[in-house]
Each structure stands twice: as structure tokens, then as C-alpha cells.
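**Student:** Each chain, letter by letter, is given below.
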Amino acid sequence: MTLLPALTEQARTAAHPRPGTASCGCGTAALADRPDATVVRHADTVAKAHAPGTDPAHLALRVATAARLPDILLPPLTPDAVPLHDRLVTFWPYGAPVDPDDPDAAPWEAAATLLARLHAGAPPAGLPPMRGPAKAARALARLHAALRTAPDERTHPVVLRAWAALPPWARGEAPMPGPPALCHGDLHLGQLVRHPAPEGRWLLIDVDDLGLGVPAWDLARPAAWYACGLLPPDEWTRFLTAYQRAGGPAVPADGDPWSVLDIPARALTVQTAALAIVRALAAHRPLDEVEQALIDACARMTAP
Amino acid sequence: MQCPKCHAPMHTYNRNGIQIEQCSGCRGIFLDYGELEALTRLESQWSQPGPPPPAAPQAYPAAPAAPAWGAPHGGGHHGGGHGHYGHHRHKSFGHMLFSS
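Protein sequences appear in the order of chains A and B. Throughout the first sequence, residue numbering follows UniProt numbering, covering 1 to 304 in sequence. Throughout the second sequence, residue numbering follows UniProt numbering, covering 1 to 100 in sequence.
Please note that the accuracy of each hint is not assured.
[Stated by the list, open to error] Short derived list, chain B residues pointing at chain A, Cβ under 10 angstroms: (1) Ser24; (2) Gly28; (3) Ala38; (4) Ala68.
[Unchecked claim] Cβ-to-Cβ under 7 angstroms is the rule here; a few derived chain A residues that face chain B: (5) Cys26; (6) Arg34; (7) Asp102; (8) Asp186; (9) His188; (10) Leu189; (11) Pro198; (12) Trp202; (13) Ile205; (14) Ala227; (15) Thr237; (16) Asp262; (17) Pro286; (18) Asp288.
Just so you know, these hints were derived from the structure itself, not from any lab. As the structure is a prediction and not an experimental result, all values here were calculated from the model. Note that beta-carbon positions come from the ideal geometry of N, C-alpha and C, so glycine has one too.
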């Protein structure tokens with residue numbers, strides 16, 4: 001049995017722990033099926049198969065952190081991951097996501113407030129580093145791999161230059177500076193759900209990249225979108241001021257937030273630009289206007 | 001806007017509430033009406049701490065601060081601009097909002 005049907009079976013069993021309900025009429029849906037994560041929903045139960053090679057001890061610490069902070073992170077249904085094929089599977093309650101067709105309804109204030117509370121708490125001991133810089137480095141590795149089969153690609157030199165201009169910690173090559181805070185590590189609008197669905201409070205999901213590090217990284221994706229001219233100024237202002245009002249420690253309460261946002265936002269711009277080139281090459285299509293805006297920002301980072 | 005000297009594109013920055021246009025080519029700086037006075041006022045506050053003078057009425061809402069490598073923002077006080085938001089959210093950006 002391949003992973004998806006096996007995971008579906010696991011989700012069904014977790015949703016109906018008593019035997020005799022094998023032929024239930026509940027709906028099943030694959031919420032994600034990517035190389036790094038397969039996620040299946042059955043009734044109100046979600047089963048997630050984590051990326052191949054996930055460290056079981058690190059995953060256990062990250063899931064335990066979610067269980068300890070149920071007002072910020074969606075708490076797991078069970079504390080332990082179970083092996084399935086070569087993957088580790090965790091179980092979660094279903095939460096209603098942000099409507100991808102209506103990003104104007106994005107809960108910027110809720111996202112900012114959850115991050116402020118996550119960052120302000122005492123960081124749990126023993127947690128591994130937040131994986132933001134490691135993910136940026138992986139995006140650059142994917143770009144290098146894609147370029148081997150497409151040597152004529154023309155936009156990548158500015159992306160590589162912008163990457164090289166980042167300090168080693170932002171490239172995942174050195175420990176992160178400053179006092180460590182508990183960070184989400186991969187914030188975007190797909191990382192928020194309302195629980196219980198559909199009208200419950202907003203919570204953060206996906207603990208795979210959770211860990212200790214520079215909290216400004218969690219603000220840096222919206223910051224990068226704003227800097228690249230993609231996110232309107234009013235939405236960026238709503239997000240930033242909600243974070244500051246909630247006492248978030250990543251940026252100064254007043255004054256220039258870019259003193260701390262600059263490096264993480266540059267890293268996430270480069271990461272997003274690298275993945276945009278990889279996707280465009282795979283689809284044999286040119287970069288679109290939005291993707292080009294990222295490349296242009298990379299070019300300005302190292303302009304003389 | 002374009003630089004009046006070398007015609008390279010000018011980028012808008014916001015520093016302490018003052019909009020500054022800097023040329024991406026010759027790095028020359030363009031100040032709007034009243035901005036030199038605003039800078040002078042900030043400088044005098046720096047050298048002589050005291051009660052700040054009442055702020056001049058602002059003709060345009062100040063855009064939030066942005067980094068030097070940021071895009072020229074359409075929401076800035078020149079209108080127009082090159083922001084990619086505008087009338088509707090680009091489909092590709094809609095996807096980007098939800099992906100790692």
C-alpha cells in the first residue's frame with residue numbers, strides 16, 4: 001500500500017477508535033500531498049505524515065510544545081508520532097483554514113498576536129533551532145539542482161548574489177544571534193486555522209520548523225512581501241502594529257522595525273525567488289510579474 | 001519617477017516619516033516640498049532636545065517604513081508607482097501567501 005491510502009486508513013482509525021465502524025460514511029480528503037508532507041483529513045481528525053528523515057526526538061519535542069501551548073498552537077490529539085512506512089505520522093483535530101480564494105479576509109491581527117505571544121513566552125529548554133534559515137538554504141540547493149538541467153536560465157545570478165550577501169546565520173551556516181525565542185519558523189497564511197471549525201479562535205499549525213531562534217524571522221515573510229511591493233502597505237501596517245501592540249519582542253515597540261527585519265526579509269525574498277525560478281523551470285514557463293518582483297528585489301539588494 | 005539627472009528609476013524610502021526619493025543610478029536624492037524643512041527640524045531636535053514644534057499638516061498619509069532594497073510603492077504619495085497590488089490581488093501572489 002502506498003503512503004496516501006495507508007495514511008487515510010490511519011486517519012479513519014484515529015477518528016473511529018472503536019471497531020465496527022469500518023464502513024462509516026464520513027468524508028475523507030487529502031489536504032496536502034507533497035514530498036515533504038502528506039496530510040489527510042477524515043471527519044474531524046487530521047493525520048500528517050512528516051517529511052522523510054524527520055528526527056523523531058526533535059518532532060516529539062515540537063509536538064509536546066504544541067500540546068503545552070493550546071492557546072497559541074493547535075494541540076495534537078495524541079502525544080506520540082507513529083511510524084508508517086518510512087514516515088512519522090501525527091494526529092491533529094481539524095481546523096478551518098483561511099479561504100485561499102479570499103486572501104483579503106486574511107487574519108493579519110490574529111496572526112500577529114499569536115506570534116507575539118509565542119515569542120514572548122519562556123522558550124522551552126531542549127528545543128532544537130527554528131528551521132527558517134535551513135529551509136532557505138534548502139531552497140537555494142533546489143535552485144542549484146534545477147540549474148544543472150537548465151544552464152540557460154538568466155535570472156538566477158542576482159538571486160545567488162543576494163544569497164551570498166547574507167550573513168552566515170541567515171543561510172543556516174552559523175548559529176542564530178541574540179537571545180533565542182520560541183519561533184514558528186515557517187509562517188504564511190496556510191499556517192492558521194480556526195478551531196473548533198468553523199468559528200473557533202485562530203491558532204497556528206505545523207510544528208515541523210518550530211524551534212529556538214531569531215523571532216523576527218516569523219515576521220519576515222509578510223515583511224518581504226511588503227518590501228517587494230506585493231503586500232499592500234495597509235495590510236503590512238495592520239500586521240506589524242498588531243504585533244507591537246501585543247507586546248511582541250522581535251521588533252522595537254516604536255522606531256524602525258527594519259533594523260531587525262532586514263536580514264530575515266532579505267533571506268525570505270531570496271528563498272521565495274529561488275523557488276519561483278525552480279517552479280518556472282519545471283513548468284517550462286517564464287516568470288510571471290509577481291515572481292519577477294522578487295527577482296528585482298534581489299537585484300536591488302546588491303546594487304552598487 | 002525618473003531621476004532628472006541620469007534618468008534611472010528613483011526609489012522611495014520613508015525615514016522618520018519623511019519620504020525620500022533616491023536614484024538607483026547616481027544615488028542622488030530628491031526631496032518634496034517641505035521635506036528639507038522637516039529634515040532640518042529633525043536635525044535641530046537632535047542637537048537641542050526640547051518640545052517639538054507642531055507638525056505641519058501632512059498632505060499625504062506616510063507609507064510605512066521599507067528597506068533600501070524595497071520596491072517603489074504604489075501606495076506612496078506620488079500615486080501610480082509600481083506596486084503589484086492595485087485593483088486586484090495577483091493570482092500568483094494569492095498562491096504565494098499560502099506556501100512555504
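**Student:** Could you tell me which of the hints above the structure violates, numbers in ascending order?
**Tutor:** The structure breaks hints 2, 3, 5, 6, 7, 11, 12, 13, 17; every other hint is satisfied.
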